[in-house]
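Enquirer: Residue-level listing of the chains:
There are 2 protein chains.
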Amino acid sequence: MKPVKIGICGLGTVGSGVVNVLKRNGLEIERRAGREIEIAQIGARRDNPACDTSGFNVSRDIFDVVRNPAIDVVVELIGGCTIARELVLEAIQNGKHVVTANKALIAEHGNEIFELAQAKGVTVAFEASVAGGIPIIKSVREGLAANSIHWLAGIINGTGNFILTEMRDHGRTFEDVLAEAQELGYAEADPTFDVEGIDAAHKLTILASIAFGIPLQFDKAFTEGIGAISSEDVSNAEDLGYRIKHLGVTRRTEKGIELRVHPTLIPEKQLIANVDGVMNAILVEGDAVGPTLYYGAGAGAEPTASSVIADIVDVVRALTVDPDNRVPHLAFQPDALSDLKILPIEEVETAYYLRIAIRDKVGVLAKIATLLSDQGISIEALIQRQPKEQVKGETVASIIIVTNRVIEKQMNHAISEIEALCEIVENVHRIRVESLD
Amino acid sequence: MKPVKIGICGLGTVGSGVVNVLKRNGLEIERRAGREIEIAQIGARRDNPACDTSGFNVSRDIFDVVRNPAIDVVVELIGGCTIARELVLEAIQNGKHVVTANKALIAEHGNEIFELAQAKGVTVAFEASVAGGIPIIKSVREGLAANSIHWLAGIINGTGNFILTEMRDHGRTFEDVLAEAQELGYAEADPTFDVEGIDAAHKLTILASIAFGIPLQFDKAFTEGIGAISSEDVSNAEDLGYRIKHLGVTRRTEKGIELRVHPTLIPEKQLIANVDGVMNAILVEGDAVGPTLYYGAGAGAEPTASSVIADIVDVVRALTVDPDNRVPHLAFQPDALSDLKILPIEEVETAYYLRIAIRDKVGVLAKIATLLSDQGISIEALIQRQPKEQVKGETVASIIIVTNRVIEKQMNHAISEIEALCEIVENVHRIRVESLD
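First to last, the sequence lines map onto chains Z and F. Numbering that gives the first Met the number 0 puts the first residue of the first sequence at 0, with every later residue one more than the last. Numbering that gives the first Met the number 0 puts the first residue of the second sequence at 0, with every later residue one more than the last.
Bound conformation, chain Z alone (with noise of 0.2 Å):
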């Protein structure tokens, strides 16, 4: 068979490691998918010293590759929401395959996209926008095709999960650790998408879509960032028998689906508890299978690849595929979608960690749990740690509260009347827990 024909855009980090992979396993590749993968052009503002592009036809114009009729797939790797959003939708047009790496622009502008895709009878193809060279979306969206989902949770940013675990190894600040992220290149100069769950909750987003059929709905994700984790709670965590991970959680209730993303108590026993560093894992429960766990690294120039690489292999066997019978760009059937809630983070249920700082008085642990306790929210676990800290001259101690399961906003309602005792120091740190079972 003729060689399939593809335009790289943008040649960045994963556009580099896009050429570099299809040169190295060219051959191999070529036998698994029946037909040559020729990159006919290659459209970047710049050259990219991580990659050779001598004989290859670059063009300066990104556009050119769109606008190219012997192209078959348009792969966008430029990153970002306005020029990538304008490329797609004229790729499209073109009626061009698209494989994308590019997590913001499908949670935000998917339903967009994936719509124009249906009308042109492309396929758009996302593997590489979550968690890297993990074949997450493939796993979900066809290999757990027969279950009912009952939830999901990632570590779906590696920048976040390697400041945690170093934090946890070592016993650095979160400010001492981001440092050495930067310096590393794992955390951007402007770490705030990764810091704050932006970028984790962009691919929760487009999780959450495949596993519950749901149309995507980046604009009502909760997002809480780790900025806010202090060594103390995660010696804490750890004598409670958990580890704290920056989890992005959707899970389908009887009220709507939840979509979250928020720094988390886990149980050391469990397998995701334990991946640690720059590298992604996601635990997806489904009625029928049960839990099933996919580990990988969930960035970096050649991880990302082959996500991007794996899409354009499927993309060449959807070629001939009558488009009503193709995967579905969100799992379901367009005119399937369901039209389930997003629950406001004040109807989620979870357990929570709460670090509680007091004057170091008699009675406060009991004026404390009476006030949970009125919130019918009981105490799984406590530890009431000595004084150590002297705040203003006074001494100050720390209580730390596992609790039982409860809806948010009684939570909430428990912590303004806490926070309300004279007793207590300063605001009550929470953060949620989840069993995972």
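If you're looking for bench data, these hints aren't it; they were derived computationally from the structure. Computed from a predicted model, the values in this text were never measured in an experiment. Only true hints are included.
The list makes no distinction among identical chains, and a pair is therefore deemed to hold if it is satisfied within one copy or across any two copies.
Below, a list of computed lysine-lysine pairs in the DSS-like style, where the Cα atoms sit at most 27 Å apart:
hint: 1; residue 1: Lys-408; residue 2: Lys-254
hint: 2; residue 1: Lys-119; residue 2: Lys-1
hint: 3; residue 1: Lys-22; residue 2: Lys-4
hint: 4; residue 1: Lys-408; residue 2: Lys-219
hint: 5; residue 1: Lys-254; residue 2: Lys-22
hint: 6; residue 1: Lys-254; residue 2: Lys-219
hint: 7; residue 1: Lys-119; residue 2: Lys-4
hint: 8; residue 1: Lys-254; residue 2: Lys-340
Position chain F relative to chain Z; hints supplied.
Expert: Showing chain F alone in chain Z's frame:
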């Protein structure tokens, strides 16, 4: 679109799981597949109380199903190699697609079956044949299609992993746990297939083919069971920072393909070392993606049904695909399989754990170290246990050694020389060691 009509052959554990999941999740599956999956006929010699077949067309002759002109997809769930082979070949002859959970059939007769399927333009899907509900075939064959796969290692027999986990967690003996596993129904009355590694070798044979693009060669797989693992080995491994797992390992080397199932010491820091009980996991190392791991239930009615039904959905989608464009059975195009040779175990290189029972005499350790050194084998770790046993009136001590990596035939040579020493009480116990880095 019209429903796809499937015929289910066999109504044992998996067959009843498939019927039950299709009944329960039928609408959700149709939302994904875009077509209804209709059970047009069930062939089963007897009823199964786990599954209500009222309303279905049930035949006591399973061959009725493969001869039923209304049926598009035959689902073979009878197990074994004799009748199942006949049934599958006749189904293919009759132009039907086949989905099977039968690892023995694929590992031992897959080459013949795929050749006929290719000739007849139908698909044979077998996700459920390896690691139950984990979508490992799809992940390796499609998700990692960009990679030159270096090796993979899997815990792919739940019974064996249950036994080893119980031995470690509760200090029990192999015989004791095996008896319990049989009572619990995890292990068959004849546990040979599980504990001798034959079941794992069937699965590993399949994984090796799709990882490296080689024909199925079950007869060349090396198999060693877990029956000789003692409680002492389990606790020695623990002391050295390892866990013992019954691992299937296949690796591409310059000399050929390693294909082997045996007890293995793996570092406890490895995620896969923490996969316990009846759960399965496969660690796959690709050149682009690096290490990825897939975890889940390796057996059971509904986990296996999850994979069977995912395959049915895939086959439904493939109905309109040009046969030359489908995902090839063994991941690589049939005319692009390679003839890389399978290495005999004597040529495989691993590190070793050696447990040597000695008469407690001065100088024996020096003699052993010299014999190892003469074969170029160095000692990475060593424990000399205090004498604790009296064997035939003599005081017997244990020396535990972990060696560097060495070709097996050199180790065989060293061991036979060590066993010839007059201070050696019994044959040397050896367990291979893999760092899985």
